[in-house]
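Student: So the chains spell out like this:
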Amino acid sequence: MITVNNITKSFTKDTQTLKGVSFAVKEGEIYGLLGPNGAGKTTLMRIISTLIKPTSGDVTICGLDVAKNVLEIHRKIGFLTTEVKLDPLSTPDQLYDFFAELYDIDKSDADVAKEKAFEEFGIAPFRKKRIVDLSTGMKQKVSIAISLIHNPPVIVFDEPTNGLDILTQKQVTDYLLGLKDKGHAIILSTHIFSVAEQLCDRIGILIDGELKAEGTVDELIEYTGTKTFEEAFFELYVKNHKE
Amino acid sequence: MFKSVRTFMRRAMHKGNTFKTTVAQGTFVAATAFGLAIVCMVLGVLITMFHYRIDQIYWEHNSEKFVYDGYKDLPEEYKGFLFVNAPSSFPEFLYKNNANAFFSYKYEEMDAPYDFVTVGQLMRLHNCGSAIVFPKNSDELLSNGEKLEVLTYIRTDRTELYDANEYQENILKLYDKYITAENGNPQITIKPAEADLTGVSTTNPLKSSLYGFIAVVPLIIFIIILYTVMTGGTNVIAGEKERGTFAAIILTPSPRAAIVVGNVLGISALAVIPASIVCFLAFLLTGKFNVIGLVIAILLVISFAILVAAITILISIINQSVVSAQTAFLPVFLIILGIAVNCVQKLGIFEEFYLYFPLYGHFFGIGNALVAGYNYYTNYIPGAIVCIVLSLVLACLVMFISTKLLYNEKFMTNEGGLSAKEIRKSKKKHKSLGLDKLVNHAIFPVAVLSFVQLLALVPTAITYMRNDIYSDFITNLKDVSGIMDIMSVMSEILAMFLSSPVFLISMAIGYVILIAIYCLKVRVIERDRKPLQSIGFTGNHALRDYLIGLVVGFSLLSAVCLILVLAGNLSFHGIAVNTSTIGVVLAGIPMWFVQGASEEIMFRGYMIPRLEKKFGKIIAILYSSFLFAVLHGANIGFTWLAGINLFIIAVFFALIYYYTGNIWLTCAAHTAWNFCQGSLYGLEVSGSTSGVSILNSSYSASASPYFTGGAFGPEGGLAVTIVTVIGIVIMSVLLYKKSSKK
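Taken in order, these protein sequences are the chains called A and B. Counting in numbering that gives the first Met the number 0, the first sequence runs from 0 upward without gaps. Counting in numbering that gives the first Met the number 0, the second sequence runs from 0 upward without gaps.
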């Protein structure tokens with residue numbers, strides 16, 4: 000469903016943020032991107048979601064080239080990142096309606112979907128409050144609800160559980176598992192091992208803009224010859240990171 | 000596509016007009032000032048249209064006087080008499096009465112006797128202080144034995160002419176007697192004068208006032224549109240990038256073109272609504288109800304708003320924050336405003352091809368369409384259509400470029416260029432230099448002062464708008480060829496205002512408001528709320544210090560005058576004040592008190608300790624003095640010498656402030672200085688001519704402006720430099736002694 004093919008990205012002439020990353024994600028699969036800060040996770044996710052263009056390489060989603068079918072791709076992916084914020088002076092209600100209009104969803108359908116989503120995420124109690132007055136967890140719930148407004152087959156979430164308390168974290172992970180069961184393809188970036196272990200079918204370890212290893216948690220542990228997933232990651236990091 | 004355009008339009012209209020924290024404070028102050036200015040202008044238009052000073056006189060028998068003593072002392076340019084559309088027997092009458100011996104006179108013909116603009120121009124042309132305007136067909140009316148309605152005009156910029164009305168009336172009475180005696184026909188009776196001769200109002204909208212109309216209305220519309228579009232347009236895309244919410248919009252499948260077009264339409268709608276209301280008011284005011292004209296005017300407004308909005312959205316796309324977008328828009332704002340001013344200047348030498356060009360065409364087109372009922376420029380429609388189409392094509396081009404740019408990752412979110420973090424970092428760096436503090440200390444006094452002075456101008460302006468000089472002012476705008484012309488007209492008006500108790504009292508109230516704003520700032524607005532004394536009102540000997548200050552101010556200025564008198568540059572000729580002008584002098588006293596205090600609070604009491612905390616004493620003194628001098632830079636007659644003088648005067652006052660530790664003494668000295676200069680000795684105070692003073696003074700013909708300061712007053716001359724430098728030396732010695740004692 001998602002194919003990332005030899006992506007490179009340079010923001011300046013001298014440095015390469017991504018150095019030829021390739022992987023693929025199937026339907027009903029959660030793919031985790033794990034890596035230290037500055038490894039290029041967010042850049043890679045932005046390339047997948049068309050916000051920035053790769054220097055070379057291509058990404059296809061549902062058979063469509065991301066670079067060539069920007070608007071089509073937007074209908075097919077739901078993108079969530081901490082950098083994409085919600086208008087602070089609007090309410091969840093207003094934002095949902097606004098984005099429903101932009102995704103060209105029928106007003107009646109959107110209303111039904113809104114009630115359902117607000118119920119699911121527990122947004123209903125604060126739906127009339129302005130975003131600026133909401134807590135981090137509440138905001139994240141609204142962001143997730145809005146990024147999934149068009150029921151996209153592909154979901155790209157950049158650190159979806161960042162800054163959330165354990166309860167909200169569980170709500171989010173449960174919801175993502177539910178989406179996976181419905182056949183969505185999900186790419187997830189995180190640096191929380193427990194989340195990665197629990198959620199991801201396969202994990203790619205991204206270090207210094209390169210995909211150093213890829214596989215299920217067990218495969219990675221086996222590949223590095225360590226006991227836990229955490230140890231496996233550190234092993235890979237020490238081996239590959241250049242000072 | 001259309002649905003998304005609509006969505007973005009609605010959002011832009013909603014987001015564009017909300018003031019966010021990101022909108023610079025200065026913008027808000029400017030908005031208030033602009034709002035007030037627009038109110039003043041609208042009032043001006045209303046008043047000139049419906050109620051101006053035309054003294055209407057009916058002829059009357061029983062006249063006695065022909066000679067008017069007031070003319071003797073007038074300067075040449077006011078001595079003449081203008082007679083417009085005079086009946087054929089009038090020259091004969093003047094000749095027989097030997098009028099040559101009393102005044103020079105000129106004859107002119109014109110169509111509309113109410114056309115005060117033309118009369119004003121003719122009066123200036125022929126150096127006439129007053130004019131008598133007869134109806135155009137006066138001979139015919141006379142032979143039919145009908146009553147003549149005669150209008151008299153005087154130039155109101157000379158107080159000596161205020162009695163001229165009586166004189167004009169007397170001439171008319173004599174003439175009445177003359178023609179009655181000549182044809183001995185009792186049927187030519189002219190009804191006696193009405194009890195109230197002045198301020199006859201008319202509800203007849205006049206051609207002449209439309210002149211001001213086609214200058215003022217488009218100007219108001221331009222400012223409304225530019226301002227609304229700037230605040231709205233920079234707040235949508237650049238603002239969204241700054242808040243990090245733009246990426247979410249970019250990620251939706253709505254076409255980029257829809258984002259651009261929707262925002263452009265939304266923002267222009269925001270601007271079109273108030274501008275159309277102005278158009279509609281103007282449409283009502285003309286009284287001709289020319290619907291096609293109104294439609295064309297509104298179409299021009301819409302196309303102009305769309306063009307400006309398209310440019311703003313382009314700027315908004317290129318920039319990453321509201322402030323940077325507004326800064327980038329500023330040149331556009333100034334260029335378009337410059338074109339508008341250029342249009343006002345061109346009104347007199349208007350050529351048709353201007354109607355076809357965007358911006359010029361908008362300005363002239365709006366004005367012409369609104370007054371089209373008067374057949375000013377009948378063929379404005381093709382020009383307007385071409386102008387509308389051209390500007391829409393231009394707008395489309397700009398929107399096309401904007402759309403293309405939105406596909407460039409650099410402009411899509413703020414991450415491509417500066418990240419939000421980096422912006423914040425650079426702001427912090429900025430702060431550590433304290434540049435923003437210096438800028439704030441410069442901007443705040445300017446903003447508050449202009450606000451307060453504008454406020455004070457309103458009641459005075461309303462009182463005076465009925466005067467001819469005001470309409471002259473509008474007329475003269477088209478002849479303005481440079482800054483000096485504007486200055487001279489402004490000084491004329493200011494001089495007129497300064498001799499008005501209304502202005503002096505409202506200025507006094509304005510300065511009280513200024514002081515209140517500073518108190519509010521210290522006590523409520525600033526984060527570290529301080530007691531009110533922190534603006535300099537400390538110390539245990541307030542009254543003693545204040546009295547000393549009055550003496551200091553009086554002696555300093557008296558010393559300056561003494562130097563000027565000794566050098567043979569200045570002479571006094573007795574008392575100038577009389578029973579009719581004493582009121583003005585008295586009204587001036589509270590004004591000088593609060594004026595002195597307010598400037599001391601601004602530049603010494605408030606500014607110096609705050610600057611000192613960050614930059615130290617030396618910079619505090621120098622920078623506050625520099626601002627003091629610069630803020631007087633817009634005054635009439637300002638020269639480099641005046642700037643240097645004001646700077647050293649401010650340094651001198653700052654030293655006094657440091658010596659006493661409070662501003663009681665400097666407040667009093669400032670007040671006494673200005674009072675002596677303006678109200679006592681009758682000299683100019685920093686370029687303001689005081690209308691009335693206690694003593695009558697004049698510069699000798701040989702006086703050098705370098706020494707006397709010329710039009711800026713003594714503060715622009717070397718005499719003040721000498722006195723102030725001596726003062727600085729004395730204060731430095733006193734400060735040195737004080738510090739060595741410690």
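Certain hints may be false.
Result set (DSS-like, lysine-lysine): computed pairs, CA atoms no more than 27 Å apart in a straight line [stated by the list, open to error]:
#, chain 1, residue 1, chain 2, residue 2
1, A, Lys52, A, Lys18
2, B, Lys403, A, Lys52
3, A, Lys67, B, Lys105
4, A, Lys84, B, Lys612
5, B, Lys409, A, Lys52
Derived contacts from chain A toward chain B, CB cut-off under 7 Å, selection only [to be verified]:
#, residue
6, Lys52
7, Asp64
8, His73
9, Lys84
10, Tyr102
11, Ile104
12, Lys106
13, Asp110
14, Ile191
15, Phe192
16, Leu235
17, Val237
Everything labelled a hint here was simulated from the structure, so no lab data went into it. Where a beta carbon is used, it is the ideal one built from N, C-alpha and C, also for glycine.
Student: Sort out which numbered hints this structure fails and list those numbers smallest first.
Tutor: 3, 4, 7, 11, 12, 13, 14, 15, 16 and 17
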